[in-house]
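Could you build the full structure based on these sequences and the hints that come with them?
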Amino acid sequence: MKSVQTMTFWQLVLSELKAIVSDKAIAVTLFGGVLFYSVLYPLPYLHQVPTEQQLVVVDLDHSSLSRRLIRHADASPKISVIGQVGSITDAKSWIESGRAHGLLVIPEGFRRDLLLGKGVTLSYGGDASYFLIYSAVAEGLVTAGMDAGKQVQLLGMLAKGEAPEQAAQSLNSVKVNSVPAFNPSLGYTPYVVPGLFLLILHQTLLIGTGILGAGQWKARGYWSEVSPLQLISGRISAFMLIYLFFSSFYVGFCFYWYQVSIQASLGLVALFLLPFLLATSVAGIALSCLFVRRDLPTQVLLLASMPIMFVSGFVWPIALIPEPLIWVSQAIPAVPAIMGMLELNQMGASWSSIMPKWLQLWSLFAVFFLLALYGVSKRLKESR
Amino acid sequence: MSGLIALIKRELHALWRSPWQLALVSYIPILSILCLWWLFSAGLPRQLPVAIVDHDNSQLSRMLGRKLQANPVISPQSFVDLSSAVTAMKQAEVYGIIVFPYELKRDLVTGHSPTIDIRYNSQFLLVGKLLSSQIQMTLGAGLLEVAGGKLLLQGVPESTISVHLSPVKSQTTALFNRNNNYVGFLVPPVLVALWQLLAMLIFSNSLSRELTCEGGLVPGAGVWSRVLAKVVLFTPILLIHGGFILALLYLYLGLPAAGSLALLMLAQFVMLLAVWLLVLLVFFIMRDSARIVSFGTAMFAPAFAFMGITFPVHEMPLVAQWWRLIMPSSHYVDSHVSIISYGAPWQTIALQLTSYWGFLLIIPVLVLLSRRLDIASPSCEKIA
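Order-wise, the sequence lines are chains X and Z. FYI, the numbering for the first sequence is 35 to 418, going by the working numbering. FYI, the numbering for the second sequence is 141 to 524, going by the working numbering.
Worth flagging that the hints you see were computed from the coordinates, not collected in a lab. Among these hints, one or two may not hold up.
[As the list claims (entries may be wrong)] Keeping only pairs whose Cα atoms sit at most 25 Å apart, straight-line, the calculated DSS-like set for lysine-lysine is:
id: 1; chain 1: Z; residue 1: Lys207; chain 2: X; residue 2: Lys209
id: 2; chain 1: X; residue 1: Lys184; chain 2: Z; residue 2: Lys290
id: 3; chain 1: X; residue 1: Lys209; chain 2: Z; residue 2: Lys245
id: 4; chain 1: Z; residue 1: Lys245; chain 2: X; residue 2: Lys415
id: 5; chain 1: Z; residue 1: Lys245; chain 2: X; residue 2: Lys152
id: 6; chain 1: Z; residue 1: Lys149; chain 2: X; residue 2: Lys184
id: 7; chain 1: Z; residue 1: Lys269; chain 2: X; residue 2: Lys194
id: 8; chain 1: Z; residue 1: Lys309; chain 2: X; residue 2: Lys152
id: 9; chain 1: Z; residue 1: Lys149; chain 2: X; residue 2: Lys209
id: 10; chain 1: X; residue 1: Lys194; chain 2: Z; residue 2: Lys207
id: 11; chain 1: Z; residue 1: Lys309; chain 2: X; residue 2: Lys184
id: 12; chain 1: Z; residue 1: Lys290; chain 2: X; residue 2: Lys209
id: 13; chain 1: Z; residue 1: Lys309; chain 2: X; residue 2: Lys209
id: 14; chain 1: X; residue 1: Lys126; chain 2: Z; residue 2: Lys207
Written as structure tokens, this is what we have:
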């Protein structure tokens with residue numbers, strides 16, 4: 035053990051790094067966790083969009099037009115017609131057994147009524163126990179149904195003696211051009227990955243600093259040889275060094291690998307991540323002063339991760355979250371960081387518009403720094 | 141038998157003396173369950189801000205604006221120019237932009253076909269998809285009225301206008317979740333994932349108490365009778381939590397449930413047994429309290445993504461489908477959907493429960509591993 039006089043700042047950082055790497059629980063969380071989660075979390079979503087959902091058809095008409103409608107539905111990329119049954123009850127049992135996820139009912143007299151100029155109603159049903167499947171089925175069927183309707187309309191107009199071009203135009207009098215912005219493929223990984231990965235960085239950083247602190251307060255070591263201010267600065271520097279690589283890996287390589295849309299420049303992203311990582315690591319140090327058992331920080335933060343994920347607003351819109359929850363959540367560094375990062379990097383907002391969130395992160399850093407200073411000096415005094 | 145009762149008493153005593161463990165079985169579950177439900181309590185996305193840029197300022201564009209206003213999902217915000225609307229969209233202040241072009245009405249009346257542009261924020265996939273379909277539906281209905289007026293001018297009798305406009309009507313039904321309620325869709329799997337984490341933490345903590353600092357077993361009864369005592373004590377406690385979730389959702393909030401809740405409790409019971417087996421496996425391999433929790437966290441934290449509720453199972457890559465089978469919660473969620481949505485009878489559930497067979501393979505491994513665990517010498521003291 036070095037004495038106070040000989041321990042320089044870099045020696046402190048070095049002993050911090052040694053303590054981090056040699057502690058198996060921290061190493062598992064930091065190195066194992068960050069790498070493992072970068073593969074495991076996006077794994078279910080790799081195919082991005084649900085396609086070819088199984089659909090069962092109840093055709094009560096058996097006409098040329100109903101068969102054409104079924105072929106159209108089958109041609110939609112969202113739907114694959116897997117079979118026909120005689121009644122809705124049979125279709126229901128197919129859905130309940132998981133063979134199909136949606137049904138299409140073509141009523142009796144479908145073609146005849148259409149040609150006679152009477153309206154008909156097609157019924158679609160999708161299993162709304164799974165929203166993504168339901169929306170895929172509904173989307174595919176509505177487009178197929180609209181298409182069939184337009185063809186009938188066109189035939190009717192032509193029969194009445196309208197010119198083909200004019201008939202086609204009066205069917206599409208106004209064009210509606212609806213285009214997704216920021217995530218053009220409507221993919222699932224560009225939706226989940228940016229927010230989730232910042233949250234993983236946040237949680238592992240808190241757990242790492244938490245375990246390290248909790249394990250040290252009851253014992254003596256290099257940490258009792260330095261002042262609280264030195265210890266906090268040294269610890270922040272050590273974790274920042276490690277997280278420099280982790281965040282570059284996540285925000286650089288993983289975003290590219292998972293096809294997340296990227297709009298901001300490297301400099302701006304780094305500038306925004308700086309107070310986020312600083313605030314998080316110092317919040318972790320402040321938090322670690324509450325624990326003396328090494329297995330507690332992981333448990334507390336594990337239970338907190340799901341609420342933080344949902345309150346940060348990238349899964350469930352902020353407009354629908356009760357206000358008190360939003361106020362409380364502003365003290366968590368991940369919450370302003372996730373939203374600010376999405377606006378800056380995925381949606382291309384200007385720096386001036388995310389400036390309030392950046393300043394919020396800096397003030398969180400200041401507040402947590404004071405708390406950490408208070409907590410660490412108390413803990414160090416106890417152990418002396 | 142009396143030995144078992146003595147061991148259970150020992151467990152109860154230990155539970156009483158550990159504040160964290162006591163919190164985990166009492167107020168933490170209740171608080172987090174209520175908190176997560178509160179977060180999603182809005183249930184149906186409503187009043188989502190959408191920017192409207194009206195370059196036309198005609199009677200038609202104002203009529204369409206009023207139609208949008210009448211849709212409960214959309215809350216239109218007027219913007220004078222496109223660039224300020226784009227800025228607002230980039231800052232996530234609005235979730236979509238609708239642009240009515242200059243001379244929209246004139247083009248329509250003179251037989252040209254103008255284009256209405258819609259951009260929706262697909263970075264927030266959930267909101268974006270919903271808005272896209274709602275905006276198109278509302279504009280479509282509004283434009284039909286205009287087309288109807290045009291047909292009247294051409295001398296089509298009023299009674300046949302609706303058939304002329306849309307010969308094929310469609311009726312889309314969201315099966316098993318009629319109003320697309322997010323509370324019924326998202327909250328049960330989220331709470332089950334939380335419940336699984338709680339079960340893992342409680343059981344790991346209780347097992348860790350049997351370890352000495354060197355990873356041996358504290359002196360006392362045989363390892364298996366201690367494990368049995370823990371299972372006998374914690375299974376009912378966790379089932380009370382599980383029952384609380386079901387009671388909150390399906391009795392107090394009155395979400396529709398087609399099947400019997402007693403059957404769901406049975407499914408929860410089997411899921412708990414599977415969680416116990418996994419935790420025991422981690423315990424026998426790791427033999428250190430912090431590492432057991434870290435490893436358990438790494439395994440169980442992403443369970444929600446693998447349940448297959450938000451993203452369908454059959455669209456996941458094969459590796460993800462395999463990993464999914466390791467999570468007890470995914471097996472449970474299948475039974476949950478079958479019972480709640482389809483009202484499955486006990487025969488179906490019994491068949492589904494056999495999917496847990498893989499967990500039985502853990503038992504022989506546990507027996508082998510438990511032989512390596514020695515009763516420690518009394519000299520080594522247990523860490524607090």
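Verification of the supplied hints:
{"no.": "1", "hint": "Z:Lys207 <-> X:Lys209", "verdict": "17 Å, holds"}
{"no.": "2", "hint": "X:Lys184 <-> Z:Lys290", "verdict": "18 Å, holds"}
{"no.": "3", "hint": "X:Lys209 <-> Z:Lys245", "verdict": "13 Å, holds"}
{"no.": "4", "hint": "Z:Lys245 <-> X:Lys415", "verdict": "78 Å, violated"}
{"no.": "5", "hint": "Z:Lys245 <-> X:Lys152", "verdict": "30 Å, violated"}
{"no.": "6", "hint": "Z:Lys149 <-> X:Lys184", "verdict": "75 Å, violated"}
{"no.": "7", "hint": "Z:Lys269 <-> X:Lys194", "verdict": "39 Å, violated"}
{"no.": "8", "hint": "Z:Lys309 <-> X:Lys152", "verdict": "11 Å, holds"}
{"no.": "9", "hint": "Z:Lys149 <-> X:Lys209", "verdict": "74 Å, violated"}
{"no.": "10", "hint": "X:Lys194 <-> Z:Lys207", "verdict": "33 Å, violated"}
{"no.": "11", "hint": "Z:Lys309 <-> X:Lys184", "verdict": "11 Å, holds"}
{"no.": "12", "hint": "Z:Lys290 <-> X:Lys209", "verdict": "17 Å, holds"}
{"no.": "13", "hint": "Z:Lys309 <-> X:Lys209", "verdict": "20 Å, holds"}
{"no.": "14", "hint": "X:Lys126 <-> Z:Lys207", "verdict": "36 Å, violated"}
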